[in-house]
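Protein chains in written order, with this note's numbering: chain A, 1 to 97; chain B, 1 to 97; chain C, 1 to 97; chain D, 1 to 97; chain E, 1 to 97.
A couple of the hints might just be wrong.
What the hints assert, rightly or not - Here are the simulated lysine-lysine pairs, DSSO-like style, with alpha carbons at most 30 Å apart:
#  : chain 1 : residue 1 : chain 2 : residue 2
1  : B       : Lys70     : A       : Lys70
2  : A       : Lys37     : E       : Lys37
3  : D       : Lys70     : E       : Lys37
4  : C       : Lys70     : A       : Lys37
5  : B       : Lys37     : E       : Lys37
6  : D       : Lys37     : A       : Lys70
7  : C       : Lys37     : D       : Lys37
8  : A       : Lys70     : E       : Lys37
9  : A       : Lys70     : C       : Lys37
10 : B       : Lys37     : C       : Lys37
11 : B       : Lys70     : D       : Lys37
12 : C       : Lys37     : E       : Lys70
13 : B       : Lys70     : E       : Lys70
14 : D       : Lys70     : E       : Lys70
15 : B       : Lys37     : D       : Lys70
16 : C       : Lys37     : E       : Lys37
17 : C       : Lys70     : B       : Lys70
18 : A       : Lys37     : B       : Lys37
19 : A       : Lys37     : D       : Lys37
20 : D       : Lys37     : C       : Lys70
To be verified - Listed below are several chain A residues computed to face chain B (Cβ distance under 10 Å; list not exhaustive):
#  : residue
21 : Ile7
22 : Gly8
23 : Thr13
24 : Arg14
25 : Asp16
26 : Gly21
27 : Phe24
28 : Ile26
29 : Glu35
30 : Asp36
31 : Val44
32 : Val54
33 : Gly63
34 : Asp75
To be verified - Incomplete in silico selection of chain A near chain E, CB under 10 Å:
#  : residue
35 : Gly60
36 : Ser61
37 : Asp88
38 : Ala91
39 : Val92
Since the hints were made in silico from the structure, they are not lab data. Cβ coordinates follow ideal geometry from the N, Cα and C atoms, glycine included.
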Amino acid sequence: MILGKVIGTVWATRKDEQTVGMTFQIVREVGLDLEDKANFVVAVDSVGAGVGEVVLVAQGSSGRQTELTKGKPVDAVIMAIVDRLDVDEDAVASLGE
Amino acid sequence: MILGKVIGTVWATRKDEQTVGMTFQIVREVGLDLEDKANFVVAVDSVGAGVGEVVLVAQGSSGRQTELTKGKPVDAVIMAIVDRLDVDEDAVASLGE
Amino acid sequence: MILGKVIGTVWATRKDEQTVGMTFQIVREVGLDLEDKANFVVAVDSVGAGVGEVVLVAQGSSGRQTELTKGKPVDAVIMAIVDRLDVDEDAVASLGE
Amino acid sequence: MILGKVIGTVWATRKDEQTVGMTFQIVREVGLDLEDKANFVVAVDSVGAGVGEVVLVAQGSSGRQTELTKGKPVDAVIMAIVDRLDVDEDAVASLGE
Amino acid sequence: MILGKVIGTVWATRKDEQTVGMTFQIVREVGLDLEDKANFVVAVDSVGAGVGEVVLVAQGSSGRQTELTKGKPVDAVIMAIVDRLDVDEDAVASLGE
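Taking the hints into account, I'd like the entire structure generated from these sequences.
Put into structure tokens, the structure is as follows:
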């Protein structure tokens, strides 16, 4: 999944009829420090995420595994709203051997 | 989905017979300010989008979930024509905790 | 789909037996002006494309939706030979509202 | 698969109910020298990987082929913890002919 | 498919049990001149490729279409060992019309 921040909404009335009722959120990709990255993606919201909230987005066919998106022509879904990130950037790489 | 603008059409007579009758639109990727990006994609049009219109494109297997593209060898579909973008680039990232 | 130009062929005798008889074409990605881009992809030819011809390539699971590639371990297929591109790079972005 | 190093965890309580009980690990992509790369991905842990461990991540629909992730809206899974890398960067490219 | 060169092996004992017995090869992406590129991918070997051999790698769900990888949580497979490349970089782009 990618980490992102909801920054807005796309409105469309002429669209595939299977997508009627879906909310298309604009998700700005962010780093682990929550700073903006250059990319954004438009994702269907399956969890009620609001502007500013940090979220996880599942893409590709995985974006169609929620109840809302199953079998629909959409390739990205917000499937989690993030509460907290525990990050240790200094973790030393360790191999099993 | 990616955000793009229709800028033209690809014409092909020698093609997989399952794609006969489809319109292959050239979609220039655009930013949230609707400025052109470097990339473009060729996508099947399932919603009647014309040149200049801002659209959403679903890619990969999701591009095959419209009535028109189901089971067909195409990996991108225009599935919505955009009416409006509500964007708040200044939204502060907020975590649930 | 991506737009490309056939520039050669990959020959392989030791390969997954499901791919015997397929032609693996080397497709250089091109821009809308048909100028070369840096990337290339190796794609199965399902339409009889020759060197120099401009083609469309479908990737991922969509690359397996032709009669030739169904269920086979290949992730890119040439599914159309391009006759003409109609491009209007100056098209002004227009929103539905 | 991509090679990465677990550097932390994403906590989320509001999420697709099919993902309850999954651990979302933050995986920093690494090179063959185990040095950090710029990218990271959030992946479900199916093998009990801890911070610092070097892992393989399968993405896309392949991320849904573990017992834990089958049919779930997740697009990346840690499916192996790496013991050792045998690398010969100086290997001379050899063609079959 | 991407073109690559086998440069090593990843060893892992703690892994998804469906992947037991698979060989995870490290494949350095190469150009048409067989020079190294910056990227590498870890791919399951389905054709007995050795270090130095030039190979084709199929990715995504296509990586799961070999007998060895069907239904398994792996997203890249070596499905051909390359004998020869016929490349004409100077081929002039020709449209059907």
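Against the structure, the hints come out as follows:
no. : hint                : result
1   : Lys70(B) - Lys70(A) : 14 Å, holds
2   : Lys37(A) - Lys37(E) : 25 Å, holds
3   : Lys70(D) - Lys37(E) : 34 Å, violated
4   : Lys70(C) - Lys37(A) : 38 Å, violated
5   : Lys37(B) - Lys37(E) : 25 Å, holds
6   : Lys37(D) - Lys70(A) : 34 Å, violated
7   : Lys37(C) - Lys37(D) : 25 Å, holds
8   : Lys70(A) - Lys37(E) : 38 Å, violated
9   : Lys70(A) - Lys37(C) : 36 Å, violated
10  : Lys37(B) - Lys37(C) : 15 Å, holds
11  : Lys70(B) - Lys37(D) : 38 Å, violated
12  : Lys37(C) - Lys70(E) : 34 Å, violated
13  : Lys70(B) - Lys70(E) : 23 Å, holds
14  : Lys70(D) - Lys70(E) : 14 Å, holds
15  : Lys37(B) - Lys70(D) : 36 Å, violated
16  : Lys37(C) - Lys37(E) : 15 Å, holds
17  : Lys70(C) - Lys70(B) : 14 Å, holds
18  : Lys37(A) - Lys37(B) : 15 Å, holds
19  : Lys37(A) - Lys37(D) : 15 Å, holds
20  : Lys37(D) - Lys70(C) : 36 Å, violated
21  : Ile7                : 5 Å, holds
22  : Gly8                : 4 Å, holds
23  : Thr13               : 6 Å, holds
24  : Arg14               : 4 Å, holds
25  : Asp16               : 4 Å, holds
26  : Gly21               : 13 Å, violated
27  : Phe24               : 7 Å, holds
28  : Ile26               : 6 Å, holds
29  : Glu35               : 8 Å, holds
30  : Asp36               : 8 Å, holds
31  : Val44               : 9 Å, holds
32  : Val54               : 5 Å, holds
33  : Gly63               : 7 Å, holds
34  : Asp75               : 4 Å, holds
35  : Gly60               : 8 Å, holds
36  : Ser61               : 8 Å, holds
37  : Asp88               : 21 Å, violated
38  : Ala91               : 18 Å, violated
39  : Val92               : 19 Å, violated
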